[in-house]
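Asker: Same order as they appear, the protein sequences are chains R and P. Counting in the UniProt record's numbering, the first sequence runs from 1 upward without gaps. Counting in the UniProt record's numbering, the second sequence runs from 1 upward without gaps.
Think of the hints as simulated: they come from the structure by calculation, not from any bench. Since the structure is predicted, the reported quantities are computational estimates derived from the model, not experimental observations. Please note: incorrect hints may appear among the correct ones.
Partner residues aside, some chain P positions facing chain R, computed with beta carbon under 7 Å [what the hints assert, rightly or not]:
| hint | residue |
| --- | --- |
| 1 | 78 |
| 2 | 129 |
| 3 | 161 |
| 4 | 229 |
| 5 | 233 |
| 6 | 262 |
| 7 | 263 |
Just so it is clear, CB atoms sit at the ideal spot from N, CA and C, and this is done for glycine as well.
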Amino acid sequence: MSTSLISPAERGYIREGISTGIRNDGRSRQDFRDYIVNLDVISHSNGSARCRVGYGTDVLVGVKAETMLLDPTQPPNQGKVVCHVECSPSVVRRWDQRTADDLNNNLTQFLTRCLNQYGGIDLGKLCIIPGKACWVLYVDALVLDFDGNLHDALLLAVRGALFNTRIPELNVQEVDEGEFDFEANSDPEAAQPVPGWEKVPLCVTLNRCGEHYFVDATATEEQCTEAKLSVVINHLGEICAVQKGALGAIPHQMYADMIQSASHLVTQLLSALDERLQKEASTNLANQNGKHVSTFIRKNFH
Amino acid sequence: MQDNEYAVVTDKKEISTATPGEPLTSSAKFMRGHGTYIENDKVVSAVAGVVEQINKLVTVRALKARYTGEIGDVVVGRITELAQKRWKVDVNSRQDAILMLSAIHLPGGVQRRKSESDELRMTTFFAEGDLIVAEIQAFFADGAISIHTRNLKYGKLRNGTLVKIPPALVQRSRSHFHTLPCGVDVILGVNGYIWICKHTPLEVVEANPENIYSSQNDAISETDRSNIARVANCILALSHQFVHIHETAIVYAFEASLPFAIKDLLSESVANEIAVETKSKLQ
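Extracted from the complex, chain R is given alone in its bound form:
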């Protein structure tokens, strides 16, 4: 627990830094830390990505596509997305077990809501045979390291992983009258991208500190804020979800202002991320000509 302690002098220094616009690492209130996104880091998944923000927060996301027989309680012509977020034990070490469980649940629910209801993934196209079978996308995220701003990093990695995901093509045949059967095409060339991945939203978390708010808080900065507002926005600028964290309140006037600037920031973040993803995908393709090396290891020991 020692890492979550902070002295009054440190807190005062950080808060004053935020109000003057010079934070402890020299950033202004609107500056993000540099981040890296690596694609295709887990070989046995349909798609994966790892996002590292600064030298701290590190999220690994894997997507696995599986076919599932629909039971009558489910909507007959939809697939579904199942999310799970877990913090690795090396991260949990700094909190007690209960805090860690709460955080896992919080993030899992946050991600489930983001992807199933407003996430842009075309669930209708994930249906294979109406009323019989559909695709399930298992989106599993593992938090490898923590230095604040987990929600934003999580959605960056999830968008990367869904961009990277390829779903195998299925050949559906009619066996009997009204009876269908399907078979997966093992050719990787024939695999399809996730329908609607480009509509997957990104998140910007704004932290309130006194009269001001700022983005991309480090773990210590998060300890000095009254309230957090995670705003999830898609490529069209539509707000998909808003979640308030921490114990404090947000003044009415500031709230409107925060939403405004969040939508502005997400637009920038989104176009920058997509550019990186395209670049990363093309370098991965070029590297594939060489012999296969585990990308997870290769990329992180540069």
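Could you slot chain P onto chain R? The hints should help.
Answerer: Chain P in isolation, oriented as in the chain R frame:
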């Protein structure tokens, strides 16, 4: 069995590194030291680090290890717990260091009267979460570090920011308190915790003895604040490039960093550039 079958032939001229599980030599000829174990008659490395040999004893010094104290070391630590007549302090060591109530400097240098009320007032000196700078005084029987702050240079820290780096990068030197030309004080804790704060002349500290346990920051100008941020980022940049941290290195890195914006110093390319320039100036 031939010794040169192993990755590490103990030739003293070369520095050899080992990874966990790497066989170092045969156990028949050598003794296993710290950071090694014996498996199938071989001495195997248990950590990633540098292989060292003294006569027949083979040890591996880990690259990233917790801090091991020595008497006289200046350390920066954080109070984690209050106990009977003592504070427990996190100093990045295997166990918390201990600061006895009798080992602190009371305001005005008065003698402590051992009384119960005195123990009840402990939080007015140091509370949980406070950062302090102290010196290692002794070790307890179980290996725990005992520290003291019985000097005006030691005590509670304020007006600045903490940076954590691997302890191996801070070398022991004559002084660990430095004032940089840019008007920033740096305290290089041997335990890898570095405190960077606004410069306060010693006369001012001596003139206001009641301030030594204050948790209130002084007014800090924007120039001071950006200089502190720049020094902090320079130290982090150097440590990411595995450069030893000492006063000269920080000054050179600070000069090399001036063309860049403070927030860009942590990007890998800029950090590398600064480290290269610092290293070339140091030679």
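Asker: Does each hint hold? Answer for all of them.
Answerer: Comparing the hints with the structure gives:
1. 78: holds, 6 Å
2. 129: holds, 4 Å
3. 161: holds, 5 Å
4. 229: Holds: closest Cβ of chain R sits about 4 Å from residue 229(P), inside 7 Å.
5. 233: Holds. Min distance 6 Å.
6. 262: holds, 3 Å
7. 263: Holds. Min distance 4 Å.
When the structure is compared with the earlier hints, no violation turns up for any of them.
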